[in-house]
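Colleague: So you can see what is in the structure, the chains are spelled out below.
Protein chains: 2
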Amino acid sequence: MARRSDHTREELWWLAINASRKVVEKEGLRGIRARQIARDIGYTIGTLYNLFDDLDDLIMQMNGETLDQLMQECSKVELTQNPNMDLERLVHCYLSFTHENPKLWNAIFEHKLPEDRPVPEWYSEKVSRLLALIEHALAPILSGRSDAEIHQHARILWMSLFGMTVLEGSGRLQEGETSLMLAKTLIKTYVDGLKNAP
Amino acid sequence: MARRSDHTREELWWLAINASRKVVEKEGLRGIRARQIARDIGYTIGTLYNLFDDLDDLIMQMNGETLDQLMQECSKVELTQNPNMDLERLVHCYLSFTHENPKLWNAIFEHKLPEDRPVPEWYSEKVSRLLALIEHALAPILSGRSDAEIHQHARILWMSLFGMTVLEGSGRLQEGETSLMLAKTLIKTYVDGLKNAP
DNA sequence: CTTGATATTGATCGCTGATCAATTTATTTA
DNA sequence: TAAATAAATTGATCAGCGATCAATATCAAG
Chain E
19 MARRSDHTRE ELWWLAINAS RKVVEKEGLR GIRARQIARD IGYTIGTLYN
69 LFDDLDDLIM QMNGETLDQL MQECSKVELT QNPNMDLERL VHCYLSFTHE
119 NPKLWNAIFE HKLPEDRPVP EWYSEKVSRL LALIEHALAP ILSGRSDAEI
169 HQHARILWMS LFGMTVLEGS GRLQEGETSL MLAKTLIKTY VDGLKNAP
Chain S
19 MARRSDHTRE ELWWLAINAS RKVVEKEGLR GIRARQIARD IGYTIGTLYN
69 LFDDLDDLIM QMNGETLDQL MQECSKVELT QNPNMDLERL VHCYLSFTHE
119 NPKLWNAIFE HKLPEDRPVP EWYSEKVSRL LALIEHALAP ILSGRSDAEI
169 HQHARILWMS LFGMTVLEGS GRLQEGETSL MLAKTLIKTY VDGLKNAP
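Heads up: the sequence lines are chains E and S, in that order.
Start counting the first sequence at 19; every next residue gets the next number (our numbering).
Start counting the second sequence at 19; every next residue gets the next number (our numbering).
Simulated from the structure, these hints should not be mistaken for laboratory data.
All clues stand as given, with none of them false.
Computed list of lysine-lysine pairs in BS3-like fashion (alpha-carbon distance at most 27 Å, straight line): (1) E/144 <-> E/202; (2) E/121 <-> E/94; (3) S/130 <-> E/40; (4) S/44 <-> E/130; (5) E/44 <-> E/144; (6) E/202 <-> E/121; (7) E/121 <-> E/40; (8) E/44 <-> S/130; (9) S/213 <-> E/202; (10) S/44 <-> S/130; (11) S/206 <-> S/94; (12) S/144 <-> E/130; (13) E/202 <-> E/94; (14) E/40 <-> E/94; (15) S/202 <-> E/206; (16) S/144 <-> S/94; (17) S/144 <-> S/130; (18) E/121 <-> S/130; (19) S/40 <-> S/130; (20) S/213 <-> E/213; (21) S/94 <-> S/202; (22) S/206 <-> E/213; (23) S/202 <-> E/202; (24) E/213 <-> S/202; (25) S/130 <-> E/130; (26) E/130 <-> E/40; (27) E/144 <-> E/94; (28) E/206 <-> S/206; (29) E/130 <-> S/40; (30) E/44 <-> E/121; (31) S/202 <-> S/213; (32) E/144 <-> E/130; (33) S/206 <-> E/202; (34) E/144 <-> E/121; (35) E/206 <-> S/213; (36) E/121 <-> S/144; (37) S/130 <-> E/144; (38) S/44 <-> S/144; (39) S/40 <-> S/94; (40) E/144 <-> E/40.
Given only the sequences and the hints, what does the whole structure look like? Please build it.
Modeller: So this is what it looks like as structure tokens:
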């Protein structure tokens, strides 16, 4: 039966997203099932499809939520204008998050939209905002360079960190190796390279 | 009807793997369908399940084949004992492969076995052999430092390259960005950092 | 109280991965 | 050569999936 007054549309959205997150945290992306999530939030499958276009949409929104949470954490980091320190703090924050939410983080790169479906703009923007944090921290040592160059270095660092988290997530780090240690060495060496570049 | 003499078991295996590769090359992992692959090789679904435990098994074997091909390519690289040149050649070979086979490469990281199912040993070995090859070529550039240090820097570079290929494979690079360009900047900057480290 | 807009339902569709008894073929044995 | 054994192949079958949509129930406005 229709129960429009039980929850607002927004409340319903959050119920569904949180139910999805719980499933993924426990079983990974594989565990996502429309009927199960509908059941979890006390509605039927039809209502779920009234909220989301399809499962791809739901997963994208859930992943967007994960990006938002990471952004919120990283925003707390106090910047000192010392690139080495600022980056290290950001990286620590980033890696803490991925370490504490491995399955949710994995979902972000495990999930692939169908070929013909472009990544929504609102999603790309969330990613861009995270990148901007790194760019901002890098800026002081790259003051004489073009925006494009700053942007590229930020993206390189981002992708490198990303590689570490993926390999950590799939258990391919060695004994005694942590992504935090590796990332610290990466940042230190890379920033040295930027400072002393010809 | 049974046609045991049409193809040997091994021939059948290759037919199925190649059919799967073709599907993935065109449509990505999403496109893999048991019935379709069976049809493609001129047999029925039952025969496919006589060859593979399930679709996870088939995909793992297909991915193993991709790893083998990359290994074969990288093995062709002539080593000159000039670390800089060897490194560049190997990285070029690695990135060329992932660039030319983005969907197949991506399938390796998109696919996740169910939680309770361990990665087969034969698969882990393929990955390890590949990692060892790349580490070995990266290591000489860091001579003069402790083995542990060399090892760590080599792995950091490898993981960073890895992150770029994954993001490239999933279509997350920007317009005009290539993993080769990014990798060159990464390596140049990183090596600068190593040379000029305090 | 009536009307219109919206939320919700659940039966339904076409598909999927996977199973397995029955059938057909090849090989081995007598 | 003929019968017995082993192996490969089939396809009907099952439970479950994502997705759709006409019917229904509820709420808000007139």
